[in-house]
Amino acid sequence: MDEAVRQYKLDIARAQFSRRRFMTGAALAATGAALAACGANGGSAAPSVAASVAATSGPSTAPSPSGAAASPAASYALESEFFLFNWTTYFSPDNKKAFTDLYGLSNFQEDYYPSNEDMLAKLLAGGKGQYDVAVPTAEFVPTLASKGYLQKLDKSRLPNLAHVNPRFLTMVVDPNDDYIVPKDWGTTGIIYRGANVTEPVTSWKDFWTLATTKYSGKTLVVDSPGDVFVAPLRMLGYDVNTNDKNELEQARIQLMKLRPHLQSIDSDNYPQTLRDKGAVLALAWNGTAYLMQQEAANADTKYVIPSEGTIFWTDTWALLAEAPHPNIAYTFLNWIQDPNVQVIESLYAAYASTNDAAKPLLPPAFVNNPAVYVPNDQLALLSVATDQSGNKQRADIWAEFKQG
Amino acid sequence: MTSDPSGTRPRRGVGALLTSALLAPASFWYLFLLIIPIGLVVVYSFGERGPDGGYVPAFTGANYQVVFDRPAPFVLSLGLAIVGTILCAIIAFPLAYFIATRVTKRKAILVILLIIPFWTSFLIRTIAWLTILGPRGIGGFLSSVTGQDIQILGTPVAVLLGIVYNYLPLMVFPLFVTLERLDRTLLEASKDLGAPRWATFRQVTLPIVWPGLITGSILVFIPLMGEYVIPSILGRGKVFLIGNVLQLDFLSSRDWPAGSAKAVVLIAIMLVSITFYLWITNRGRRDREVSVL
Numbered sequence: 241m242d243e244a245v246r247q248y249k250l251d252i253a254r255a256q257f258s259r260r261r262f263m264t265g266a267a268l269a270a271t272g273a274a275l276a277a278c279g280a281n282g283g284s285a286a287p288s289v290a291a292s293v294a295a296t297s298g299p300s301t302a303p304s305p306s307g308a309a310a311s312p313a314a315s316y317a318l319e320s321e322f323f324l325f326n327w328t329t330y331f332s333p334d335n336k337k338a339f340t341d342l343y344g345l346s347n348f349q350e351d352y353y354p355s356n357e358d359m360l361a362k363l364l365a366g367g368k369g370q371y372d373v374a375v376p377t378a379e380f381v382p383t384l385a386s387k388g389y390l391q392k393l394d395k396s397r398l399p400n401l402a403h404v405n406p407r408f409l410t411m412v413v414d415p416n417d418d419y420i421v422p423k424d425w426g427t428t429g430i431i432y433r434g435a436n437v438t439e440p441v442t443s444w445k446d447f448w449t450l451a452t453t454k455y456s457g458k459t460l461v462v463d464s465p466g467d468v469f470v471a472p473l474r475m476l477g478y479d480v481n482t483n484d485k486n487e488l489e490q491a492r493i494q495l496m497k498l499r500p501h502l503q504s505i506d507s508d509n510y511p512q513t514l515r516d517k518g519a520v521l522a523l524a525w526n527g528t529a530y531l532m533q534q535e536a537a538n539a540d541t542k543y544v545i546p547s548e549g550t551i552f553w554t555d556t557w558a559l560l561a562e563a564p565h566p567n568i569a570y571t572f573l574n575w576i577q578d579p580n581v582q583v584i585e586s587l588y589a590a591y592a593s594t595n596d597a598a599k600p601l602l603p604p605a606f607v608n609n610p611a612v613y614v615p616n617d618q619l620a621l622l623s624v625a626t627d628q629s630g631n632k633q634r635a636d637i638w639a640e641f642k643q644g
Numbered sequence: 011m012t013s014d015p016s017g018t019r020p021r022r023g024v025g026a027l028l029t030s031a032l033l034a035p036a037s038f039w040y041l042f043l044l045i046i047p048i049g050l051v052v053v054y055s056f057g058e059r060g061p062d063g064g065y066v067p068a069f070t071g072a073n074y075q076v077v078f079d080r081p082a083p084f085v086l087s088l089g090l091a092i093v094g095t096i097l098c099a100i101i102a103f104p105l106a107y108f109i110a111t112r113v114t115k116r117k118a119i120l121v122i123l124l125i126i127p128f129w130t131s132f133l134i135r136t137i138a139w140l141t142i143l144g145p146r147g148i149g150g151f152l153s154s155v156t157g158q159d160i161q162i163l164g165t166p167v168a169v170l171l172g173i174v175y176n177y178l179p180l181m182v183f184p185l186f187v188t189l190e191r192l193d194r195t196l197l198e199a200s201k202d203l204g205a206p207r208w209a210t211f212r213q214v215t216l217p218i219v220w221p222g223l224i225t226g227s228i229l230v231f232i233p234l235m236g237e238y239v240i241p242s243i244l245g246r247g248k249v250f251l252i253g254n255v256l257q258l259d260f261l262s263s264r265d266w267p268a269g270s271a272k273a274v275v276l277i278a279i280m281l282v283s284i285t286f287y288l289w290i291t292n293r294g295r296r297d298r299e300v301s302v303l
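Residue numbers (the working numbering), protein chains in the order written: chain W, 241 to 644; chain V, 11 to 303.
Wrong hints could be hidden among the right ones.
What the hints assert, rightly or not - Label pairs and their computed distance ranges (CB to CB):
| no. | chain 1 | residue 1 | chain 2 | residue 2 | range |
| --- | --- | --- | --- | --- | --- |
| 1 | W | Tyr-316 | V | Leu-32 | 55 to 63 Å |
| 2 | V | Pro-221 | W | Glu-487 | 52 to 60 Å |
| 3 | V | Gly-64 | W | Gln-633 | 17 to 25 Å |
Unchecked claim - Examples of chain W residues toward chain V, derived with CB under 8 Å:
| no. | residue |
| --- | --- |
| 4 | Thr-453 |
| 5 | Gly-457 |
| 6 | Pro-465 |
| 7 | His-501 |
| 8 | Leu-502 |
| 9 | Ser-504 |
| 10 | Ile-505 |
| 11 | Asp-506 |
| 12 | Asp-516 |
| 13 | Pro-603 |
| 14 | Gly-630 |
| 15 | Ala-635 |
| 16 | Ala-639 |
| 17 | Lys-642 |
| 18 | Gln-643 |
| 19 | Gly-644 |
Note that these hints are calculated values from the structure, not bench results. All of these numbers come straight from a predicted model, not from anything done at the bench. Glycine is no exception: its CB is placed at the ideal position from the N, C-alpha and C atoms.
Working from the sequences, and respecting the hints, build out all of it.
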């Protein structure tokens, strides 16, 4: 296999796992997941990825249609250093080089963290002036903001935010978009192996029925309460962020009904389980489905946005409170929303871009794949999850669910 | 115990100073990394979760109530730790005995072979069992032979296998060290005096090996009780031990008081069970010594 394609896929795999690792809190086991992913990616062909790489190797040098990237720089003295705090392999090296060259940076420093909790801990421990920009998941933004770690954005310096879909600028976690420059986004849904599961799968109800009957012992869910609670709550018609005791109790009954039929409750090795067909039906994240579809042996993998609705997550670029290089940071936040820059970012991370103007520039096979972009007619099914980790009832139910 | 009081007395002040100086690093270590943290954990265990997680001061026993309402992870952990330790001992003893007493020429090679697995990361060794027990390994083989869908992964059995595999060397080495010092002439004497094999084992070999067995058991038992990685990987998230409960409380719920209470209960269980174990084993040893005499 072509070395460039292989490397590209490895990068996708790493981005996938580093991005999703926080959900589990099990950073220890995550090395294994990356290992498993690398092993499984090694031998399969992926013509569509090769095509998309070829199609997008150019735009970094193409003229920017917005032309706005450099304009805010006029009135501010740009620093020559920029400190980014990010998930591993979650920022394209091509873009990094392009940004460094474009603004003549002497030092583009990127440090990494494996989970939102880790990022928070490192920021708390090391003080506010360590980095310019960090990449929290949206539900962590209120926590960061309330602790005084974020700056309110001066929108006049971010004209390229106009390219971003308004859905991501009005989320419940930051309704006036004081803090968020959206990055990539994705969903929680149903993955199944089309070669094995021939019944129609369109809803959480289908998932429950199939998991407790024909695919008992062949079904898995990710080890993440924030995602798993969504299924019974939406199936019963309740809000995903509900605190109502009775509604959560009904969700508990459904979860315990599902529990004996599960093959695993696992976020780290589950892609490998699906590849081995240890399980053929899963409550999981879209990125895994996309990755598997690129592998010849697993091309029958399907991804479904359940008809009752589900949640989406959004990662964000956030400007830190005492950023040592605020002007170059603003320049970066605006430049990163340039559609051509976004095309490279999106393909690198293998997730959907929040930037609408980038969408037509991306390969159709990428944009039209429900495992990457949610189809327009299903957008209404999506809602934002807020941080529910403080809810004792949910914690108790989850402990009972894990225990079985 | 000083055998030379006249020689040390004039230098006593210097000696005491030296003693404190040498003990200072260890004292600081235990004070700041053991005693104070345990004190904090106890204090936290009576508190409440803050709105963003963490700890806010309070005085409530609710965190302990949860432990007694849902004791299953504790019972399962204790059960797996006890069975795992016994299995390790049963497997390790003949191996250690063989290497220590029967092998003469290539003893060093066998000891190195025991160490070699440690050269590979613990995580990788555990993940390797996913393949061994999974649908392409023993699990798949058993399923195809019996015609039924047999899943080993995700059960306590898989966790037990992973535990015994990973902790076996910790049992082998203490046993090996004590068995190496076993004086063969004692065994011969026992035989000459007409003792059958079993009596020789019980009355000669076992009392000599006893300290190694106790050390090995404690080395295996203590980390087993807090084991988190093996159940997460081989248990497929379905075998829920104390380590997994703690991970959930501290990292997922960010409920430090709830996690602290469970940590305190875990420490209490360890103290009680190890005290009980040492008491039982010391008593047994005394009995045997009497019977040998």
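Does the nearest C-beta of chain V fall within a distance shorter than 8 Å of the C-beta of Ala-639(W)?
Holds: closest Cβ of chain V sits about 6 Å from Ala-639(W), inside 8 Å.
Status of the Leu-502(W) interface restraint (C-beta, 8 Å, chain V):
With a closest approach of 7 Å, the Leu-502(W) hint holds.
Holds or violated: is there a CB of chain V closer than 8 Å to the CB of His-501(W)?
violated, 11 Å
Hint validity - Gly-644(W) Cβ closer than 8 Å to any chain V Cβ
holds, 6 Å
Regarding the hint that Asp-506(W) lies at the interface with chain V, is the smallest CB-CB distance below 8 Å?
holds, 5 Å
Measuring from the C-beta of Pro-465(W) to each C-beta in chain V, is the shortest one below 8 Å?
For Pro-465(W), the interface hint holds, since the closest Cβ of chain V sits about 7 Å away, which is under 8 Å.
Residue hint Ala-635(W), partner chain V, criterion CB-CB below 8 Å
Holds, because the Cβ-Cβ distance from Ala-635(W) to chain V comes to roughly 5 Å (cut-off 8 Å).
Go ahead and decide if the range 52 to 60 Å is satisfied by the Cβ distance of Pro-221(V) to Glu-487(W).
The hinted range 52 to 60 Å holds for Pro-221(V) and Glu-487(W), with Cβ atoms some 59 Å apart.
Interface hint check: Gln-643(W), Cβ to nearest Cβ on chain V, cutoff 8 Å. Holds or violated?
At 4 Å from the nearest chain V Cβ, Gln-643(W) passes the 8 Å test, so the hint holds.
Was the hint right that Lys-642(W) lines chain V, CB cutoff 8 Å?
This hint holds: Lys-642(W) lies near chain V, its Cβ roughly 5 Å from the closest one there, short of 8 Å.
Interface hint for Pro-603(W), Cβ within 8 Å of any Cβ on chain V:
Not OK, violated: Pro-603(W) not within 8 Å of chain V, min 34 Å.
Taking the least C-beta to C-beta distance, is Gly-630(W) closer than 8 Å to chain V?
Check passed: Cβ of Gly-630(W) comes within 6 Å of chain V, closer than 8 Å.
When each numbered hint is compared with the structure, violations occur for hints 4, 7, 13.
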